[in-house]
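J.: Read off the chains here:
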Amino acid sequence: MRRSAGAFLGAIALAVLGAALALSGCGSSDSPSAEVAPGAPLKIGYLASLTGFCSTFSQEYVKGAELAVRLANERGGVLGHKLQLIVRDDRATPTVGVAQARDLVLSDGVRFLAGTCSSAVGKSVEQLVANPSHVIYALGVSDPTVFSAGPEIYAFNTIPTAQIEGRNAAAYIRAHPRWKRIAVMSEDYSYGYQVTAAFRQAMRGSGQTIISQDYLPSGGSDYTPYIEKVLAERPEAVYSTVITEDTVTLVKQGLPLGLFDKTNFFGIMDYATIDAMPQPPVGVEGYTFYPSSSIYHTPFARELEALGPAVANGGAAGDAFNQIQLIVQGIEKAGTTDPTKVRDALAGSKVQTVQGRVEIHKCNHEVAMPIAVGTIVGPNHALEFAHFEPLRLVDTNKYFEC
Amino acid sequence: MSLATFIGQLFAGLGLAFVLFFTAAGLNLVWGVLGVMNFAAGAVYMLGAYLTTSVIARLGASALGWTVALIAVPLAVAALGAVAEVALLRRTYREEDENRQFMLTLALSYLIAGGVVLVWGTHFRTVSLPRALSGSWSVLGATLPVYTFVTIALGLAVTVAIWFGLYRTRAGLLTRAAVDDREMLAVLGVNVDRLYSAVFAVGIGLGALGGVLVAPQGAVSSNLETTALVPAFIVVVTGGLGNMPGALMAALAIGILESFAALHDATLAQLTPYVVMSVVLGARALAGRRGWSAAAQLRARRTRRERAPAGSTAG
Numbered sequence: 001m002r003r004s005a006g007a008f009l010g011a012i013a014l015a016v017l018g019a020a021l022a023l024s025g026c027g028s029s030d031s032p033s034a035e036v037a038p039g040a041p042l043k044i045g046y047l048a049s050l051t052g053f054c055s056t057f058s059q060e061y062v063k064g065a066e067l068a069v070r071l072a073n074e075r076g077g078v079l080g081h082k083l084q085l086i087v088r089d090d091r092a093t094p095t096v097g098v099a100q101a102r103d104l105v106l107s108d109g110v111r112f113l114a115g116t117c118s119s120a121v122g123k124s125v126e127q128l129v130a131n132p133s134h135v136i137y138a139l140g141v142s143d144p145t146v147f148s149a150g151p152e153i154y155a156f157n158t159i160p161t162a163q164i165e166g167r168n169a170a171a172y173i174r175a176h177p178r179w180k181r182i183a184v185m186s187e188d189y190s191y192g193y194q195v196t197a198a199f200r201q202a203m204r205g206s207g208q209t210i211i212s213q214d215y216l217p218s219g220g221s222d223y224t225p226y227i228e229k230v231l232a233e234r235p236e237a238v239y240s241t242v243i244t245e246d247t248v249t250l251v252k253q254g255l256p257l258g259l260f261d262k263t264n265f266f267g268i269m270d271y272a273t274i275d276a277m278p279q280p281p282v283g284v285e286g287y288t289f290y291p292s293s294s295i296y297h298t299p300f301a302r303e304l305e306a307l308g309p310a311v312a313n314g315g316a317a318g319d320a321f322n323q324i325q326l327i328v329q330g331i332e333k334a335g336t337t338d339p340t341k342v343r344d345a346l347a348g349s350k351v352q353t354v355q356g357r358v359e360i361h362k363c364n365h366e367v368a369m370p371i372a373v374g375t376i377v378g379p380n381h382a383l384e385f386a387h388f389e390p391l392r393l394v395d396t397n398k399y400f401e402c
Numbered sequence: 403m404s405l406a407t408f409i410g411q412l413f414a415g416l417g418l419a420f421v422l423f424f425t426a427a428g429l430n431l432v433w434g435v436l437g438v439m440n441f442a443a444g445a446v447y448m449l450g451a452y453l454t455t456s457v458i459a460r461l462g463a464s465a466l467g468w469t470v471a472l473i474a475v476p477l478a479v480a481a482l483g484a485v486a487e488v489a490l491l492r493r494t495y496r497e498e499d500e501n502r503q504f505m506l507t508l509a510l511s512y513l514i515a516g517g518v519v520l521v522w523g524t525h526f527r528t529v530s531l532p533r534a535l536s537g538s539w540s541v542l543g544a545t546l547p548v549y550t551f552v553t554i555a556l557g558l559a560v561t562v563a564i565w566f567g568l569y570r571t572r573a574g575l576l577t578r579a580a581v582d583d584r585e586m587l588a589v590l591g592v593n594v595d596r597l598y599s600a601v602f603a604v605g606i607g608l609g610a611l612g613g614v615l616v617a618p619q620g621a622v623s624s625n626l627e628t629t630a631l632v633p634a635f636i637v638v639v640t641g642g643l644g645n646m647p648g649a650l651m652a653a654l655a656i657g658i659l660e661s662f663a664a665l666h667d668a669t670l671a672q673l674t675p676y677v678v679m680s681v682v683l684g685a686r687a688l689a690g691r692r693g694w695s696a697a698a699q700l701r702a703r704r705t706r707r708e709r710a711p712a713g714s715t716a717g
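Just so you know, the protein sequences line up as chains X and V, in that order. Taking the working numbering, the leading residue of the first sequence gets 1, the next gets one more, and so forth. Taking the working numbering, the leading residue of the second sequence gets 403, the next gets one more, and so forth.
Here chain V stands alone, though its shape is the one from the complex (with noise of 0.2 Å):
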């Protein structure tokens, strides 16, 4: 293999490991601390992405517009997760019955779906990048997209923003407190309903994102939902449920990893994700381990301790 096409292949996985770990970030962060597994985090993206081609059919493919797009969209998708969390979700979290969330988040991304149709139609679309954009550079002989590199710095940039956000913020410290203990964070004086409606926004707003990354990037169509709803819970299962850096180092395994088995055959570089997640759980196991994160094996404690006879103890 030649460094041109070593250097063109890592590349590219790195892209694909960025507009994955967007949707994945927001799923594991919607599960870290709502426990609320969202199943309609591919409809979000494909949302994000519609959102954009109609954005960018209003502003032109000029840098505002693509401003606009990457500010605005995430935040218009982020208000009505906030919205949808406030009034369906917050009804189910005393349930024990997990099932009515699960059926809750997949009748949204139907929702969601069936909009999506009736506002822009079977008929997919598409959007240009500003020109500056729409390019390539040529480092050591390989070919390397110019808008390739904007995503990588994207994904570096809100994954920075996620770490930053969870553990520099009194915001953050609040929602790793959450995961651990709500009722404790309520006793505080904490108002955990409107940090559950946060998290869940921001992790809505994250898929949205990654819709938005995407749309310039190929054909704006249906398929996105289900091209990134897959994918993510791959990267999210293989990083650990609810474990950020996880979903991270998942998602580059995968991305790299799928790129350089493109380079023998396409058919096995589509196993790629399945052949990750399959390894790291046979692992995990063969470790003697659950595959569970931290962050669940707190909350498994937690449901322990609460349903332990008063006076004993444990966990």
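Excised from the complex, chain X in its bound form (with noise of 0.2 Å):
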């Protein structure tokens, strides 16, 4: 009896290895094969952070995936495929990012992925993606290590990652050299962090001094001791990398106590946070690096307008938009939906974009995006939302170091 009861705890210890092997890809002869099959869907999988810390616009990016998905349907699909668009909340955790991942690869049979917000689950995502699976994962986020591995990585990345973002505001703050106090102000997150190293070194042997840094709540509600203190050091130009609805907190706060009449601001400035301000800040200097339709005059900035004006213009939709034409074009640049070709296609090439015909760097594989840089001025006979004007577009190439 004691013998029988041991035997079949040792089946049931047997069954559960085999199953967490089985759930966990290892011990599969390989990953599925290369090519998906002729006729077959191309399925891709989107990891939309519908819940977690940046849900604010996660229907934003599953609009955008949505119409790139169908108007590439509309045109026939992609080498005889019809496109599939799977959607998977990744909740801008890791863990859950990657086991959505892994599923999608194990039981959809995706070979083609895009999405989140979070640079955390995209790093997680590309390491999972990169061997054995061979998934290639077009994706939007700050953070630079994501990409860091080199040009056998699978990973895409739609937007400037956050070295980009600091050597551009350098450029910017270096190209006033009359202003030599320069307070910084910025998300108490990763990438807060990241800017701000990337702006401070970007800054040497400039002249200029950086007078103070503070490191804002994320998701804080009230900003006016942070406020008051910079404006206390009287610095002549503040630059600020808090972001979305932390941008509108900020600037409510900041106008009453004249943080944008006493210093030169020059901060990021979606255009989705700025329509949302009640009262924006006009006169200040922005940019954006989002795909907004209304700053680009591009055949696909047209189609996004297909969202509506509000969604087209918010950024979101237009990165996730992006991410989903970089998989065709690289299927269609490969002649095949092998990733590893389709990786080796795209790498070093140039692509359509909602910003135009940009190059993707064949050392990290990170997307030469441009950055809109303008004065915020309020709703007008040109454009009904808050918008830049003048604006120009900063070609970000010359901050690349490949």
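If you're looking for bench data, these hints aren't it; they were derived computationally from the structure. It is possible that part of the hints are untrue.
Output of the computed footprint for chain X on chain V, the stretches with three or more beta carbons under 8 Å from beta carbons of chain X [to be verified]:
(1) 411–425
(2) 528–537
(3) 543–556
(4) 617–628
(5) 667–673
Note that CB positions come from ideal geometry on N, CA and C, so glycine has one too.
Reassemble the complex: the two chains are provided individually, in unrelated frames, and hints are given to aid placement.
T.: Structure, rendered in structure tokens:
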């Protein structure tokens, strides 16, 4: 009796181990066949952060991805395959993102992934798709370390990293040598620290002094003490990496305190964010790297407008649209759905995006998206929402060190 | 430090303190009387802010719109709180397992958060202030936002109202009596169930009022839930559970110290609430006290008395 119980327990242990191996993908002969079967739908898994800290724009991302898929299918698909989008919620959490990505690859046979707004998720999924799965992964995240492993990775970045953003901000401040005392206000999480580090490094030798750097609590409801502190230091310019809803809080509380009158303020000001402000900081210099449709006069920007002005200008939809387009164009360039061949075809090539035709750097698979810089104006005869006027596009190729 | 900087930081700290106090006061009241730690307080605060965006969207950012929001939103949320108390919480008071109350209020917070996403979506919302409240005044060289004056004034008014309600009205007398001995109050013919519902509703309404006041200061998003709940708990624990004057003092100390800490380092400022709480709890421990308020001590004494064998004396 005791022996049979032991054997029974042993059998259960083996079954559990076998199930775990099967679920993890280990022990399988290899990843699924390299190419999608002829005529079969080409599945693209989309990691949308529908819940979690960056859920604010998640619906816009999904709409952008869905639009790109619909338009591609209306044109007959790619290499005879209709596209099929499978949306999963990664909850902006690495463990969830990896579990969803693994399930998409192993259960749904997905060979192409896109999405997530979280660098942490992106980094984890990038490691998952690199080996042994060999899955193309198009994403837009700011953490440069996601793409630091070199040209062998299968991930492609559709927005400038924190490094590029920080260098661009430094170039802007350096172009105003009269500003000697610079204060930096950043988000208190990895993005803010990375941009600030890149900014500081690029400011070296400028003759301008960074007198303070303050990391504001992400999602905070009262920035007044921090604004008062910065103003008390009497900086000539303030560089801000405070983003999305935190920008709204900063602007609302900064306006009555004179943050934008007493300093030369330069910060990230996405169109979705300034459009949501009851009183945008008119006259302030801002920048955005998101592909808002009204900034760019390209065929893809016009297609994006099918989503309506609010979503098309928000930028999130455009980013997701670009990710799907990158996958589609990669397959067309390679002439096959084999992810390794698609990767090799994309690296170093140029692709059409909402921002126009841009280069994909071979060394790290970062797409050299331009950054739009301009002065904020309210709604006017040109556009019915707050925007940049005048506006200039910065070619970010000069910031890459490949 | 210049006088203008000192005034500016002090003023910002006071504004921060009173926003903290609204949610903390609601938590404290519910804990002090009902003995329930309301984990839905952050969600209630968020709900108050979202409802405000809807009221202002409907009536406009006028004096009328804001007056209606300031009165109607806390009342509406308080009514919802009363319903939740009658339908759910009331069934748990007699149970010895306090985890049920904890789980119930936690479930309520998830329900509210889910409801907010269903009704308002995941995108953040913003509202503007009436023109008269959106500017600033210059006082001794310091630039002080008009709206912070409003927040502080309302905070003082609510503090006085709570004190008056608790110590100068029959309802307050009964509420304080309920803290000491619920059974005796029932024997005296007081409808304790109704009293509990009213107290829970007032506690919830205070949290919602905090949400109304914070709505025009920044973006209204689901982040508000967590940004409100944790500091409110810190204020309540620092001030002493169930101790309303203690909560006010704790909110003022944390708000003002956080504001001045920001002068040196933003990260240090964010740590201030935790540092203040640690220092106060440490000091209490050193003083040989357990960190409980007079109300909680009374409740503990009452529990010991109830559990003591007949004929013996306790507490």
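J.: Next step is simple, just say for each hint if it's right about the structure.
T.: Results of checking the hints against the structure:
no.	hint	in the structure
1	411–425	holds (count 6)
2	528–537	holds (count 5)
3	543–556	holds (count 5)
4	617–628	holds (count 9)
5	667–673	holds (count 5)
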